[in-house]
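K.L.:
Spelled out, the chains give:
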Amino acid sequence: MVRGWVHAVVRGGNWRFSDPEGVAQETLLALVKLAGSGRIREPGGFQKLVYTVAKNTCVDVYHRERRRDSREVAEEFPDERPGGEEPGEELSQRERLDRLVQIFQRLPEACRQLWDWVYREGCSAAEVANRLSITAGNVRVRVHRCLEKAREIHRELESWPVAADDRK
Amino acid sequence: MGQADPIAPLIPWYANGTLAADEREGVDRHLPQCASCRELLERARDRQALGASRGPAEMLEHVHTRLLVEYAERPGRLDAELRGWIESRLEACTTCREAFERLREVETQLAGASSAAAARPAGGAIANLWASTRDLLTSTLLRPAPALAYLVALALLLPALWLAGRQQGEPAGAPRLLVAHGEGAVRGTPGDARPLVVPPSEDAVLLELRTELLADDIDDPDASFELELRRGDRLLWSRPAARDEFVILDGRVALRLLVYPGRLDEGPLHEISLSVRKPGDPLDGQALFRRSFRVTEDITGGDGRSTS
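Chains L and B, in that order, are what the protein sequence lines are.
Note that our numbering numbers the first sequence so that position 84 is 1315, with each residue one more than the last.
Note that our numbering numbers the second sequence so that position 290 is 399, with each residue one more than the last.
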């Protein structure tokens, strides 16, 4: 039954995957992983969860295959792993960076700007204050509030799929 | 880290090395005894690592998969600024737009499959029993006890139903579709006050309950829905309405329900209603949809909007 739901998504969107069965398997593996983590608790929403996980997998694979088609793999995914790092560590690092991209995209524009100045440019509070024409203390408060917002988003993403169905 | 932790707001600046020496020493002394601030620092360093490898333009180049799926499924759940950003990316980025279009195709096909499942022909008692078993198993997949109990009951009932089916013969053909527009508590639409006419000669009719609800109205995870059938003041049956029974037709929520006229009394007024259960909410117990019907050959009370 679950396979049927997965196939409805994988074969239902004109995705033109090179290996639809592989995508279905990847979806099933993602579901098994979710079940193993004990995060599937609401049987009423199980079918919807299967659809959502399948859709996530389909979009991921779709992007992957498009990148492969346009030969952008090397450009978009440079090997950032320092020599000798274990593959498991690389995966974990990638997952954390992927999570950060998700958080970054969900932040308000003002917070994204602060994030960029603080973490990419390495600005001090005084430099940011100068750019915004506010006090350094105010900058620290704003950055702290943005981090609180980021923590909140992080918690929601961590608790998915349960929270995704529970929250309004 | 409590909200009053005075060190926490310093962590981003500690991580990017721009903190004054005295404040840096304060953070150094605080970190060994504060797990929350250590976690904040770890995240700050992750952000720096990300900032070093990708600029904001790269991080915003493609809408993240989960965000795109969320937007395709329930855009109303996202705030306006985020929706605006996603929409701007869908305009600007071919990859995002194509992925989104495929997601929409999937949504459309799943909705179509759901409608088709709701409109499946009545294949007799055994087929109906199988359909309801399948639906029940879907909702009880992770609750073995009720699923097992149902299977045992099914095993006991199947032989009897098979015999009954052989004696009575199977009804043929798809059930007649009756579209029922109703009134409800959410938007206060008056609906059609005339009772719908359900012909007693039909083996089964498919009542399509057209509510005034929007998709967002049924999204509330704290709410549950219940279908009730009454004859006058008497409750004939009630059952929960699962969310996957709902379909969106013309932008409104609809629900299809098989009714067997032969099992209902001919003549008296019946009423089918869909109500919401949400303790503490003003709408709790209110009917979101209500429509009366009568099993009769007399067509003077019908709304004439039935289709085969």
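Think of the hints as simulated: they come from the structure by calculation, not from any bench.
Honestly, I wouldn't trust all of these hints.
Unchecked claim - Pulled from the structure, derived: some chain B residues nowhere near chain L, Cβ distances all over 12 Å:
| hint | residue |
| --- | --- |
| 1 | L119 |
| 2 | D155 |
| 3 | L266 |
| 4 | P308 |
To be verified - Below are the SDA-like pairs computed for lysine to any residue, each with C-alpha atoms no more than 20 Å apart in a straight line:
| hint | chain 1 | residue 1 | chain 2 | residue 2 |
| --- | --- | --- | --- | --- |
| 5 | L | K1380 | B | I327 |
| 6 | L | K1279 | B | E214 |
| 7 | B | K387 | B | L358 |
| 8 | L | K1279 | B | L187 |
| 9 | L | K1279 | B | W194 |
| 10 | L | K1279 | B | G341 |
| 11 | L | K1279 | B | S310 |
| 12 | L | K1279 | B | V356 |
| 13 | L | K1380 | B | I116 |
| 14 | L | K1279 | B | I116 |
| 15 | L | K1264 | L | H1238 |
| 16 | L | K1380 | B | K387 |
| 17 | L | K1279 | B | H290 |
Please read these numbers as outputs of a predicted model, since none were measured by experiment.
C-beta: ideal position from N, C-alpha, C; glycine also.
K.L.:
Flag every earlier hint the structure violates by its number, smallest first.
P.N.:
1, 2, 5, 7, 9, 10, 11, 14, 16 and 17
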